[in-house]
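A.B. asks: Okay, here's what each chain looks like letter by letter:
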Amino acid sequence: MPVEFRKDLFANERDDTLKEIGQPRIRQDILGHVSGRSPYYDDHLFEGLLHMRCVRSPHHHARIRHIDAGAAERMPGVVRVVWPADVPHNINTLLSLINFGRDDEALLQPSRVTYIGEPVLAIIAKTEREAREAAAAVRVDWEPLPHVLDVEEALKPDAPTVNGEYPNNTFDYHDLYDHQKLRFGDVEKGFREADHIVEGEYRMSPIEQAPIETCGAIAAPETNDRYVCHTATQGLFFSLAVTAKLLDIASSRLHFIGGTVGGGFGGKVDSITEPMAVLGARLTGQPVKFMWDREEEMQVGAPRGAELWRIKDGVARDGRILARQFTGFFDSGAYTRLSSYAVVKGTGHLPGPYTIPNVASNVYCVFTNRTPATAMRGFGITGVDFAIECQMDKVAEAAGLDPIELRILNAYRDGDMKAHRREAKNCALIECCQVAADKARWPLSPQSRAASSMTEGGVGWRAEIPETVTDQVGRIGERRRQALPSEPGAGAAATGRVAAGMRRDDRSVELPPQVADMAKEQERTGYSGKVDLPDHAAPASVQPAPATPVQRPAAPLPTQPPPPPPPPAGTAPSLPPAAQQRADDPEAAEQARRRAASRFISGTRRRR
Amino acid sequence: MSKIPVQFTLNGTEKAVFVDPGANLLDVLRRGVGDLSPKYGCAQGTCGSCAMLIDGELRLGCLTLAEAVSGARIETTGGLQTGEEPHPLQTAFMEGFAAQCGYCTPGMIMAAKALLDRNPNPSRDDVIEAISGNICRCTGYQPIVDAILTAADRMRGRIA
Amino acid sequence: MTLTVETYGTLAEANAARRGDSRYLAGGTLVMRDLNYAVPGLSRVLRVSNPPRAIRQQGERLSMDAGVTMADVIESREAAFLAPVARSVGGPAVRNMATVGGNLFAAHPYGDFTAALLALDGEVQFVDGRTQPMEAFLAERDRAPLVASITMRMPRTGEFRFRKVARVKPKGVSVMSIAAWLPGAPMRVSQVRIAFGAMGPTPLRARAAEQVLEGKVLDASGIERALSVATQGLAPVDDALASAWYRNEVAPVHLRRLLLDEEPEP
Ligand SMILES: Cc1cc2nc3c(=O)[nH]c(=O)nc-3n(C[C@H](O)[C@H](O)[C@H](O)COP(=O)(O)OP(=O)(O)OC[C@H]3O[C@@H](n4cnc5c(N)ncnc54)[C@H](O)[C@@H]3O)c2cc1C
Ligand code: FES
Ligand code: FES
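Residue numbers (the working numbering), protein chains in the order written: chain A, 1 to 608; chain B, 1 to 160; chain C, 1 to 266.
Heads up, some of the hints might be wrong.
Stated by the list, open to error - DSBU-like mimics (lysine-lysine), calculated; alpha carbons at most 30 Å apart, straight line: (1) Lys156/A with Lys3/B; (2) Lys3/B with Lys126/A; (3) Lys439/A with Lys169/C; (4) Lys439/A with Lys425/A.
Keep in mind the hints are simulated off the structure, nothing from the lab.
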């Protein structure tokens with residue numbers, strides 16, 4: 001189907017005279033693709049290539065009592081059995097590279113497996129067949145343990161612990177909560193003012209990215225004491241750093257070659273095959289390939305995780321959504337991988353592309369005995385977007401409105417305030433709805449047809465940050481001691497209020513770098529903007545809370561009481577003690593961050 | 001393990017290799033002969049990325065016993081371009097944006113060639129049927145089917 | 001474990017070389033997968049260099065060598081009634097390789113072609129000359145010697161119907177397939193044979209439905225009882241394509257469409 005450029009829309013926001021952008025172009029790599037000459041990782045031939053295969057858990061959850069690899073070791077072609085103890089630093093979490101989360105996953109699991117297919121041992125042999133046969137000959141004495149496969153079951157006080165690093169089966173957010181909170185306005189007030197309450201529950205199954213090229217890597221010793229690694233990874237330097245960390249090897253000794261990827265869709269960031277292949281090359285001194293077969297790709301390849309969302313909307317008679325509350329669960333599987341981040345990203349997307357004055361969400365990253373989940377196209381967003389758009393249809397039905405008109409009525413317009421306190425910019429949902437309706441010959445009312453993302457936005461209440469009700473329910477570990485309700489605000493009275501405010505002016509504020517060596521160096525980055533030398537005295541303009549509430553003309557909708565005066569500085573009750581201390585005391589804050597951080601960064605030991 | 005000698009022609013060139021008992025043709029072409037154009041996607045016949053022509057018939061390299069192809073004539077995408085210009089299928093795939101990651105492309109093009117060799121004037125449904133054993137996860141089938149139809153048109157023009 | 005591949009001149013020779021650890025390789029679409037994945041216990045592969053591939057009409061019956069491929073069936077004039085069945089197996093590359101003989105042994109959810117043979121009163125001929133009706137063969141196929149050929153009834157026009165229900169079109173694997181030989185259709189039918197594929201460990205006959213259709217006209221009321229007993233004797237399992245529950249629920253729906261000869265779903 002030919003692409004249709006709608007240059008009539010937003011014409012004044014775009015330069016149509018560009019030479020490349022917006023022009024049809026033949027891909028620069030496509031001649032290689034159609035002639036079969038594009039060099040994927042497995043298209044590099046090595047003399048004496050060895051093959052690596054894993055022995056994997058047949059159980060959701062089991063203790064390893066004993067492993068007998070004696071027979072396997074003696075089988076023809078077997079070069080080396082790789083044990084967990086052969087992995088120099090056998091613990092990692094993917095996002096330790098950006099200091100997010102704690103190390104929780106071994107490359108080869110030494111003691112307790114927590115999902116079907118978790119690797120416990122690897123065999124390196126001369127042929128793939130020999131490696132397979134030897135792996136099948138390894139005898140493992142398993143002691144099966146109780147497992148949990150459902151996110152809400154995993155949150156119960158008596159649920160088996162999946163991930164030893166997170167004994168409550170939830171990722172720890174901000175060292176405070178077992179979930180990520182979003183609070184904007186007062187949803188309870190919104191529900192009280194509403195004419196309809198619409199509730200919905202939405203579930204998504206895990207989805208395998210299923211690239212046609214399975215995950216894999218080939219590593220070989222190179223000159224100058226280095227290892228070359230050809231890989232299918234989607235994140236070359238990410239995989240390099242993970243390999244450096246797990247193998248406790250300087251990243252300068254790793255020569256990673258990639259970039260030609262046979263489809264990834266998010267499933268090739270987890271950096272498992274690269275450290276395995278390099279480890280194999282290191283232990284044998286020979287080129288080693290570690291490639292997942294199709295069954296492994298489907299069974300142990302990390303999918304988009306399962307999600308469960310509950311949405312409760314308070315809707316006015318005319319279709320405006322006055323309040324929207326979310327309770328969300330990301331099934332992370334047995335380890336964190338990237339789900340912790342998916343939760344943050346998903347929360348940043350709430351409440352969808354709609355201007356809603358009261359929004360609250362609790363989103364959980366839950367550990368279960370399922371295959372660890374990871375990124376997939378639209379990561380963190382796709383699932384909740386599905387839930388939101390199903391919910392919009394449900395709202396339309398409840399309010400007796402046309403589903404497209406309902407969306408146009410509530411859509412973000414430029415200048416509106418989003419629930420995460422950023423102004424909406426470059427909005428285009430209204431125009432998309434209008435074009436889609438035209439294509440589907442769907443009739444629209446004159447008002448909906450006249451609506452525009454560029455008008456009516458940012459006026460009155462649409463630009464305000466409302467007074468926000470906060471709570472502290474769901475502290476880390478609390479759920480283990482007592483069954484707690486999972487939805488926002490439930491189970492406890494509101495414990496804090498953040499004063500209403502206004503958006504600031506449009507100019508963004510540049511923060512000074514935290515440490516001197518983080519300053520941008522123009523010649524290295526090519527960055528040509530203003531370079532500020534570090535100035536540790538933070539300018540007044542970066543105070544977190546909005547300074548003075550500006551009185552705006554009475555907002556047309558909804559009728560709100562005037563915002564209360566801001567509490568005097570220092571008495572803001574919303575911050576719990578720990579966080580308050582961290583905010584005040586840079587030393588404590590650094591300490592807190594250290595605890596969660598890995599001792600490695602980018603594969604080298606962290607400088608003290 | 002004693003190796004078995006096998007001879008065949010690959011894209012018009014005589015090849016002789018020793019293969020392991022039970023080895024599949026995909027592996028032998030890639031590692032033994034160095035034709036890397038057919039791809040490994042599943043080794044169980046489900047993806048089509050190893051599709052090739054054996055004695056003019058579309059077959060799957062991963063499900064073909066290497067030692068059974070002695071004397072056969074094998075064609076792969078790696079040998080499709082014979083002169084200066086790419087094959088019309090290749091050109092149509094390039095111009096029609098019928099590949100993204102490109103991993104399925106060599107198999108897809110061979111499935112298309114098998115069709116056009118037999119039926120130079122296929123309908124859209126014929127094309128869909130012809131590539132029904134090939135999975136593409138990136139591009140979507142629409143541009144691929146279009147490219148094959150375009151190539152068919154151009155090839156008929158050339159012959160006529 | 002060393003793997004050996006032994007090539008013989010005839011099926012009879014290959015049959016004589018069979019032991020517990022060996023497996024005959026025909027088109028290889030299933031056996032090669034097992035070799036590629038080094039399935040334990042598979043260490044000897046037997047093959048025949050040029051297995052016979054003929055299709056012959058013998059009076060009211062049609063005979064096919066076990067080595068006939070799905071593509072051969074599609075091209076054969078005598079076997080035209082089976083072309084839609086052969087076309088439903090795999091994609092074009094698989095059909096160029098997959099044999100009728102291999103289909104007889106293909107585990108669930110495969111065996112669409114075999115379901116058709118079961119409905120058409122198929123009979124298996126082994127290399128030792130013995131023959132066995134399809135139903136008895138399927139019940140104990142694990143112990144069968146090599147198959148030389150298969151014969152089946154040639155239905156009169158309009159008497160044979162086949163449906164394959166799949167989620168992916170045009171190539172998906174069966175949620176189920178239904179083959180029916182309906183002598184007398186669309187008027188009063190007699191001696192009906194209905195076989196389901198992917199509704200049990202092997203293709204199975206729906207005997208209860210067959211019986212209540214005796215003497216019935218294939219219209220809504222004539223088939224009503226047959227639909228209510230459609231799944232009797234079937235034994236579907238859960239797999240990645242569909243649950244047993246789902247298969248049982250939709251089997252009568254698809255049987256109705258077949259018996260009333262409704263247009264298949266697009
Ligand atoms: C991608 C894909 C899609 C498929 N789709 C379908 C489908 O839609 N429907 C379907 O029914 N099947 C399907 N199949 C399964 C399979 O291709 C067919 O069932 C095919 O007919 C098997 O025949 P073969 O010659 O390839 O068997 P092989 O793999 O050679 O053999 C299969 C089994 O049969 C035995 N065998 C073969 N010939 C004889 C003989 N003469 N005597 C005794 N034993 C014998 C073998 O020993 C082996 O155990 C599919 C397979 C693949 C890979
Ligand atoms: S690798 Fe041969 S079909 Fe997938
Ligand atoms: S282009 Fe990537 S699979 Fe087809």
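A.B. asks: All hints, please: hold or fail.
C.D. replies: Hint check results:
{"no.": "1", "hint": "Lys156/A with Lys3/B", "verdict": "59 Å, violated"}
{"no.": "2", "hint": "Lys3/B with Lys126/A", "verdict": "15 Å, holds"}
{"no.": "3", "hint": "Lys439/A with Lys169/C", "verdict": "27 Å, holds"}
{"no.": "4", "hint": "Lys439/A with Lys425/A", "verdict": "26 Å, holds"}
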